[in-house]
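Starting from the known structure of chain A, arrange chain W on it as the hints suggest.
Residue numbers (the numbering used here), protein chains in the order written: chain A, 1 to 230; chain W, 1 to 332.
To be clear, the hints were calculated from the coordinates, so they are not data collected in a lab.
All of these numbers come straight from a predicted model, not from anything done at the bench.
Any given hint could be a false lead.
Stated by the list, open to error - A partial selection of chain W residues facing chain A, derived with a Cβ cut-off under 10 Å: (1) Leu178; (2) Glu227; (3) Gly229; (4) Pro285; (5) Gly321.
Ideal Cβ placement from N, Cα and C applies to all residues, glycine included.
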Amino acid sequence: MITEMTRVMRILATVAIVACVPAAADAQVWLGKTKPRPGSVEISGGGTWTGGQSLPKSAATLTANPSGGLSSFEQFTSEPSMDPAFGVQGALAVYVTRAIAIEGGVRFSRPQLKVGLANDVEGAPDITASTTMSSYLFTGSLVYNVGAQGRTVPFIAAGAGHLRDVHTGNELVETGTEYHGKAGVKMWFGRTRQVGLRVEGGVSVRDGGFSYEDDRRFVPTAAASLVYLY
Amino acid sequence: MKRSAALCLTLMCVALSSDPASAYLKLGTQVDRGTVTLRWEEFPVRYFITNAAGGGVSATQLRDAVVSAFSRWDAVETAETTSEFVGFTGARPNDDDGLTVIGFENRPDQDRTLGATSFLIDTLTGEIVEAEIYLNSAFQWSVAANGQAERFDVESIALHEIGHLLGLGHSALGETELRNGGRRVIAAESVMFPVAFSAGSTAGRTLKTDDIAGISDTYPNPTYRRERGSVSGSVTKSGRGVLGAHVVAFNPRTGRLVGGFSLNADGRFVIGGLEPGPHVLRVEPLDDGDVESFFDLTLNIDANFRAKFHDRLVVVPRGGGASDIEIRVEPK
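Isolated chain A, as found in the complex:
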């Protein structure tokens, strides 16, 4: 553990030095020829979209009196859903080769939980009850950049994360594990190619956190970020 920490510190120190030198030396240099290289750092930040969850309509069911001929009795119907949510994300990647980077990131969004309620036996008016929670996702990924020297760089990434869903008022925290795979493209601007736009889409597989179901679930994700390469 100590060895790993030392290694990380050494990489970051190297990055800091490298980051300062070229900027001071010559802003006209086309970084694409020399970067990214092992030790290069890429910082990104932007907006995200996370898919929602919609379950089939179910019911608040009472046990029916067998003599009535009913197998079950529905007091009202319920249709739970979680809205797709826009949020923000930030990430920091360190290149270990010219094509491969290790990336850590965090995503934040505030999805709205809803339950549509209808068909009440006592005539309660139909309504959609709702609440909002805060969802945090801390991730680590391995990123492979395809043709890392070009202006347009496709990439694929895979990794795992820790999910932390906090309900309104912090009354309840539900945590879980997340695995993801994603693909996208980085489009570098200008001659220096230090700044770019990163667009990506992927699938997040989640165990735990808030869900209306206990099963593992697949959540589509998308994001667009500004990228800065040191």
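Chain W only, in chain A's frame:
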């Protein structure tokens, strides 16, 4: 120590309290400092079976069914109750003899009562000292595994009465219809619903989430305190509290239902024993049972309002409570 004998359970609900009871309708008694919940302080609950047959069922068959019913309550993972069958006795239920006795009584005058529970309590502390259950042998009974046509299931009714014996009142989680001058249950989701399923049914042998919440709230164990939560708030109409409103918490993740009541003039309610997570709250007037099955008739129970869902999902914390919820209802 002042004691009173043979309290009628339906007249001693905690609705008399100025402070709402936590979850469920529990039995209580008034003391100088307010109301205390009726509960056993010493376990196991030691009981005898009257050595007499009734309604087509022998004393041995009755014992087996009662032992099974007690074991269902004792098996609740979030509650701490234990029981012990001591033996057969010549004593009958309702004898004031210091024994807890369960048996048949021929009560043809009680032509709508399948069974009843009475208590001897310490009126200073609410401790149950002795309790009696009788099953009315004016009806025909069955202990068959899958029930028997035209006969009521001993274990189902014993399970309900033992719930009273342990201190639980009635639940209103059910729907009824008026038929032939009485109420017929259409459906229920609690063993403690006051109207039994029809003869031949054994559906009442299974404790529901509502029952488990009730017994766990009365006799909580560390798991219950750590893993369950509550919601509390008030039901109001035109700015004033509604007494006796039936409030139900529905978990959209599991489909489970737990009920409670607003129990004071401010319309305050508490529902405990809930799983952590978002819940739907629904409030309805108490119209699926006779009011006296739940509350003292001297109380001014308000049933003049329309059923309603609360417009917010209420998140139940683990080991804590979501509070200050106000559900505003409209007059009919």
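| field | Structure versus earlier hints - violations, ascending order | value | Hints 1 and 2 contradicted; others consistent.
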